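Taken in sequence, the protein lines are chains A and B. If you want our numbering, it's the 1-based position in the first sequence plus 144. If you want our numbering, it's the 1-based position in the second sequence plus 1224.
In short, the hints are calculated from the structure, not lab data. The structure presented is a predicted model; accordingly, all values stated were derived computationally and were not measured. Note that CB positions come from ideal geometry on N, CA and C, so glycine has one too. Do not take every clue at face value.
[Unchecked claim] Derived DSS-like pairs: lysine-lysine, alpha-carbon spacing no greater than 30 Å straight-line:
hint	chain 1	residue 1	chain 2	residue 2
1	A	Lys-577	B	Lys-1252
2	A	Lys-429	A	Lys-231
3	A	Lys-559	A	Lys-543
4	A	Lys-607	B	Lys-1293
5	A	Lys-572	B	Lys-1351
6	B	Lys-1252	A	Lys-603
7	A	Lys-342	B	Lys-1252
8	B	Lys-1231	A	Lys-342
[Stated by the list, open to error] Residues from chain B that keep clear of chain A, each with C-beta distances beyond 12 Å, as calculated:
hint	residue
9	Phe-1248
10	Phe-1367
11	Arg-1443
12	Asp-1456
13	Val-1489
14	Tyr-1505
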Amino acid sequence: MMSSILVRALICCLLLLGVLSDSPAGNSEDNGGKNQAIVQPTDPLGPAYGDMIIRGSIGDASVLLPVLASDSASFEITGLVYNGLVKYDKDILLQGDLAARWEISDYNLKIRFFLRPGVCWHDGAPLTTKDVEYTYKIYVDPNTPTAYATDFMKVKEFRVLDSLTCEAIYEKPYAPALTSWSQGILPSHLLENQEITKSPLQRNPIGTGPYKFKEWKTGEKIVLDSNHEYFEGRPYIDRVMTRIIPDLATMFLELKAGRLDQMGLTPLQFMRQTDTRWFKQNFKKYRYLSFGYTYLGYNLKDWKFQSKKVRQALTIAIDRESIVKGVLLGLGTVAHTPYKPDTFWYNQNVKKFPYDPKRARQMLEEEGWKDINGDGILEKDGKPFEFTIITNQGNDIRKNAAIIMQKNLKAVGIKVNIRVIEWAAFLKNFINKRNFEACLLGWGIGIDPSQIDIWDSRKTGEKELNFISYQNPEVDSLLELGASTYDLEERKKYYDKFQEIIAEDQPYTFLFVQDSLPIISSRVYGIVPAPIGISYDFIKWYVPKSLQKYSVEP
Amino acid sequence: MILYMAKRLILMIPVLLGITVISFSVMKMAPGDPTSLLTDLNPNMNEEAINRIRAHYGLDQPVYVQYAKWLRNMLMLDFGRSFAPDNRLVIDKILERIPITLLINLLSMVVILTVAIPIGVLSAVKKDSLFDRATTVFVFLGFAVPSFWLALLMMILFGVQLEWLPISGFRSLNYGQLTTPERIIDIARHLVLPVFISAFGGLAGLSRYMRSNMLEVIRQDYITTARAKGLDETTVIFKHAVRNALLPVITILGLSVPGLIGGSVIFETVFAIPGMGQLFYQSVMMRDYPTIMGVLVIGAVLTLFGNLLADVMYSLADPRIRVSS
Chain A
145 MMSSILVRAL ICCLLLLGVL SDSPAGNSED NGGKNQAIVQ PTDPLGPAYG DMIIRGSIGD
205 ASVLLPVLAS DSASFEITGL VYNGLVKYDK DILLQGDLAA RWEISDYNLK IRFFLRPGVC
265 WHDGAPLTTK DVEYTYKIYV DPNTPTAYAT DFMKVKEFRV LDSLTCEAIY EKPYAPALTS
325 WSQGILPSHL LENQEITKSP LQRNPIGTGP YKFKEWKTGE KIVLDSNHEY FEGRPYIDRV
385 MTRIIPDLAT MFLELKAGRL DQMGLTPLQF MRQTDTRWFK QNFKKYRYLS FGYTYLGYNL
445 KDWKFQSKKV RQALTIAIDR ESIVKGVLLG LGTVAHTPYK PDTFWYNQNV KKFPYDPKRA
505 RQMLEEEGWK DINGDGILEK DGKPFEFTII TNQGNDIRKN AAIIMQKNLK AVGIKVNIRV
565 IEWAAFLKNF INKRNFEACL LGWGIGIDPS QIDIWDSRKT GEKELNFISY QNPEVDSLLE
625 LGASTYDLEE RKKYYDKFQE IIAEDQPYTF LFVQDSLPII SSRVYGIVPA PIGISYDFIK
685 WYVPKSLQKY SVEP
Chain B
1225 MILYMAKRLI LMIPVLLGIT VISFSVMKMA PGDPTSLLTD LNPNMNEEAI NRIRAHYGLD
1285 QPVYVQYAKW LRNMLMLDFG RSFAPDNRLV IDKILERIPI TLLINLLSMV VILTVAIPIG
1345 VLSAVKKDSL FDRATTVFVF LGFAVPSFWL ALLMMILFGV QLEWLPISGF RSLNYGQLTT
1405 PERIIDIARH LVLPVFISAF GGLAGLSRYM RSNMLEVIRQ DYITTARAKG LDETTVIFKH
1465 AVRNALLPVI TILGLSVPGL IGGSVIFETV FAIPGMGQLF YQSVMMRDYP TIMGVLVIGA
1525 VLTLFGNLLA DVMYSLADPR IRVSS
């Protein structure tokens, strides 16, 4: 995180410089309201409208209606075109978006939303609660192929009170409910009485967001223009172009040739290929923890992994620090719980298991694992300690991490085999059938802390996500309590305890959280990294007039 | 001739049907299905939601029902809607990608023909000469070098260091504002590297083929006769030998008809060209059955027509195998 603090300090310095150069005009207070307009042009590095930012994306968007989309490339676009009722601020706390405020009442069963007055769709129609009602209905409609119906199906009744007030009533208190209202609200006047899967809005979205859709050339580029009437103010950058370049090496060459302003770097590109003076002059690199962790999950139905002490010994035997150093080139953090380390929900005080192969060997011996026949492999009841780690194809970071673990575990007398399998077969024949010993996978970390689907004892059915078959009634009830509690401090207590138990039980060996590594042209100002990332205040990014590169005609 | 054509066309129907049955079953045998993208390892999905989505795509019915439905629509030339989240008409998805794929493949075929045929002829005529050996090394180099690697090297040289050519894509970002002649130049500049790379890899096959045909022909009695008549060597080679050696190339041309709309994934990925190769690859990865079948059917039809075309061309070009009427 050092570099992000440095970057922040740098930006503060630059902002200070900006303030200082303002002062000749700024110090005469009696200028009244007029000075803002006058100051701007005299300040060469001050905020200014205009210019275009070109971002690289390895995948094309699939569909620009948030209800149907499931890929990050689509959400990168819909996030700028649509708004939810609520959103997360830079510190990952919920705040109003289209809803100016909300009230939770009736023993946490009812959420009442008060919409911001005066918000308009990009086609000029006003936003009303009819749009919210339509959005709710389309999510729960059985004919909508959406991945996000579950949260909305918990709504017992949805009521429109007037054109700006509506409420959702739940069967039982459900804390993640509020987060589910961050899904993009859709325009009912353009979608009502149509089949959503055939709507032209799939490729020509009309939202309420800071950017309006301009054009989409499949597999080539998607262009958005700024919405001058945006309710939080006109965004500084006039145009956002997303270029689709499926190959990261090609994308990097385009960046080097100056035809891209922003892309995500690989650890190797970040450490070794962008360290030149040219890059330092023309680009700024950012680094912050991503919302996801990688883990080694043990099939708890397998006799070898049933003892907690054995699992702890395995974690102690794995040198996670050197996995982060070797595989991520240091651009990541060792994980200890299933939450992101720099967030509110993370419990700092869980039991940690630092690398100590001697202690691991000792613990395994206490559990009856000894090398009796002298072949270097531990045995118990005549059976050797040998298992296979399976992981999916196409993820080199996971593959390399598996190789390091193989070496670590061999040092304590455990033989590990590695098998890399194509994704669909991996899920169907191994994970879903519970036909594995240990799996190397990752989870995205949701912003809401609820993790019932992954850890609940009852979620062990064929396609359910507790595929390691973790059973702990205490965890079940803690997660249940957490999901039905709205008070943040009280809620955190349940998740703190949950993390302590998981850390003690070690059903997974939590490996690492990777860093996100965006690089952005140095002519773009106003980027302030925060726990949620950098894009949260994209509308405040700007290019000073003197540095603008593209002239944008509407 | 017309009767022959009609017979061939009718025979195509069962072949085509067979191809679709095999493709459909192989596709269905692969693990995973189109809902995987939405549902796999997704904490937001429960059993009920998954079944809803499966029913939406008709995946809850037996495979033969799904095939019958697909076939019925196909007979009315309805390719259906994609199972990808975009739900677009398959025919739209294919048609928007055909022009650029076709353009690159046609250009690279022209390059291959204009370069490979002379190389083949000359290396046959000057067999075992320095030229023969040098071109052998050259064309096999093109065949053996991984295209993505060569592409990246050329991009670094011409795109980043010399800045002569654009790196990726097939048109500039400001293409919309250009005049027509400017547009042609713009696309041409973008296509230099892709066409060169794809042609370079294809030189080996055709030039070697041409060389062995030529060697065969040169040994024929009629060439000896031509020389004995006292014709000069140029006439012997170009008028008598090359024309006969070119005949089998017709087969190759016929077989490459389906290739014209097929693209290469690696190559399109490196150059960021939204062509058919990427479409097909993505459809397979997503188990987007209607799109996979759409591309396969078009490919199958073109293959069959290509073969027919080759046969017809043969009978026009070569009196020896003309069908007796």
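Can we trust that Phe-1367 of chain B is non-interface, i.e. its beta-carbon lies farther than 12 Å from all of chain A? holds (22 Å)
Val-1489 of chain B clear of chain A by more than 12 Å, beta carbon to beta carbon? Non-interface label fails for Val-1489 of chain B: nearest chain A Cβ at 9 Å, not farther than 12 Å.
Take the C-alpha atoms of Lys-572 of chain A and Lys-1351 of chain B, compute the straight-line distance between them, and say whether it is at most 30 Å. violated (57 Å)
Sort out whether Lys-1252 of chain B lies within 30 Å of Lys-342 of chain A, counting only the CA atoms. holds (26 Å)
What's the verdict on Lys-1252 of chain B and Lys-603 of chain A, does the C-alpha distance respect the 30 Å limit or exceed it? holds (28 Å)
Mind checking the alpha carbons of Lys-429 of chain A and Lys-231 of chain A for me, to see if they're no more than 30 Å apart? holds (26 Å)
Sort out whether Lys-543 of chain A lies within 30 Å of Lys-559 of chain A, counting only the CA atoms. Distance of about 17 Å is within 30 Å: holds.
Sort out whether Lys-1252 of chain B lies within 30 Å of Lys-577 of chain A, counting only the CA atoms. This hinted pair holds, its Cα atoms lying about 19 Å apart.
Say whether it holds or is violated: Asp-1456 of chain B keeps its Cβ farther than 12 Å from all Cβ of chain A. holds (52 Å)
Is the straight-line distance between the alpha-carbon of Lys-607 of chain A and that of Lys-1293 of chain B 30 Å or less? The given pair, whose Cα atoms are some 28 Å apart, holds under the 30 Å limit.
Are all beta-carbon distances from Arg-1443 of chain B to chain A longer than 12 Å? Holds, since 48 Å exceeds 12 Å.
Under the criterion that the straight-line Cα-Cα distance not exceed 30 Å, is the pair Lys-1231 of chain B, Lys-342 of chain A satisfied? violated (42 Å)
Of the numbered hints stated above, those contradicted by the structure are hints 5, 8, 13, 14, listed in ascending order.
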